[in-house]
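Input sequences plus hints: build the corresponding full structure.
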Amino acid sequence: MGILRKVAGGGLAAGEFLTDLSRKQARWELEMSRQILYRRWKLLLVALFPVLLGLGMEMAMAAGLPDFIGGQKAYMPSFATTQMFIGSIFVGIMAGLITGVIGAGGGYVLTPALMSIGVKGIMAVGTDQFHLFAKAIMGTVIHRKMGNVNFWIAVWFVLGSVTGASVGGVLNRAIYQKSPALSDAFISAVYVLMLGILGIYAFADWVRMSRSTGTQKSSTEATTRFAKWLQSLPLKPRVKFDEHIVAGGRSIAVYPVIICGFIVGFVAAIMGVGGGFLTFPMFVYGLGVSTFTTVGTDILQIIFTTGYSSIAQYAIYGYVFYSVAMGMLLGSLVGVQIGALVTKMVKGVTIRAFYALTILAGFVNRICALPGKLNEVGWISLNKSTAAMINSVGTVIFFTLVGIFSLWILAVFLKGAGRIREAERQTLTAGSAGAGH
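Position 221 of the sequence shown, counting from 1, maps to 221 under the numbering used here, and the rest follow consecutively.
The calculated label-pair distances, taken between Cβ atoms and stated as ranges, are:
#1 G248 - F226: 15 to 23 angstroms
#2 L171 - T224: 27 to 35 angstroms
#3 T82 - K240: 49 to 57 angstroms
#4 R238 - G378: 47 to 55 angstroms
#5 E243 - I404: 45 to 53 angstroms
#6 V349 - G378: 45 to 53 angstroms
Quick caveat, the hints were computed from the structure, so don't treat them as lab data. Every residue, glycine too, gets a C-beta built ideally from N, C-alpha and C.
Set out below in structure tokens:
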């Protein structure tokens with residue numbers, strides 16, 4: 001029993017950590033969508049991006065670059081059907097709604113959702129990364145927080161993240177070239193582990209919140225004991241930071257920064273997620289960098305990490321659906337804004353209940369897909385019709401639960417928007433009547 005308690009405690013701690021990470025990612029998603037939607041020229045860039053990219057690819061072909069760069073001789077075609085494009089917009093809206101209303105977790109369902117509508121795992125990873133890169137580059141070109149960047153921390157971190165993304169991309173491509181089914185099984189297994197831990201914690205958090213009304217625990221101090229120890233190591237070369245907070249600033253050896261970058265780049269390339277959700281806790285709690293400096297540096301590294309990983313490790317090998325990426329981007333820009341407005345209209349307990357259900361639905365979806373993939377690889381013996389039935393059950397459960405949640409969010413938004421407009425109308429009417437008297 002003691003061992004089981006320790007395992008359960010460790011699982012809940014890991015789930016809490018993953019939830020904190022996904023909340024950091026959600027804040028970034030909301031901020032980037034606002035940066036793009038509030039500037040018309042950026043919306044125009046979103047609409048023209050596939051055209052500009054296509055022209056760039058044709059020019060690259062004309063220049064005599066390798067045939068595998070996104071063309072007909074690529075390992076897989078970098079185009080999609082109209083149905084897949086429409087599906088990608090729905091997936092983007094769905095993920096955006098979840099991210100906006102919950103403030104966490106929406107990005108985790110993108111890759112599983114793409115795999116469920118027929119996109120190969122490695123294509124889903126590459127496409128997800130490319131859509132994050134497009135969002136980052138368009139959302140931060142003139143971002144005011146870019147002034148907070150510590151240049152040398154960013155340089156050493158990106159050195160590590162590029163290396164990690166290279167290792168992750170090579171590993172993903174090597175597995176795919178050996179067996180597409182094994183590649184799908186590998187990516188699905190990673191998501192089963194992550195979504196399982198995250199879903200169990202989310203469910204336990206909902207149960208705990210529904211039973212108590214206590215206040216949340218205070219956040220960890222910016223400079224932790226571990227961070228102070230790392231900063232005290234007498235290793236060179238070193239990088240200085242936070243001169244505006246501490247007299248003379250703080251300093252740390254570049255090696256922990258490079259290692260953190262490597263981990264972020266590797267995870268991003270394997271899972272198709274943005275590195276930002278990992279960077280924040282690593283910087284603040286692991287390296288002892290202030291939140292102010294972390295935000296600006298994180299924005300910069302996301303551009304370089306997702307840009308390098310999506311283009312150098314996936315796009316040039318034909319593992320990106322550009323039209324699907326743009327569909328996801330368009331859908332998520334709208335969805336995350338609607339979701340953020342809905343948070344003002346519903347109770348937190350209700351939101352957390354739906355969040356736990358959607359995460360567990362993603363877990364069920366990927367674990368139901370595993371038997372069929374392992375059967376194709378030859379690792380287990382299972383009737384093909386049985387494997388297909390299990391996979392279909394997981395797909396139906398996933399899209400049913402996530403679809404119900406998305407429709408509920410939209411219904412709450414439309415109902416709430418009507419009340420807000422009515423309140424504004426009554427206020428204006430009362431004001432006019434008062435002016436008449």
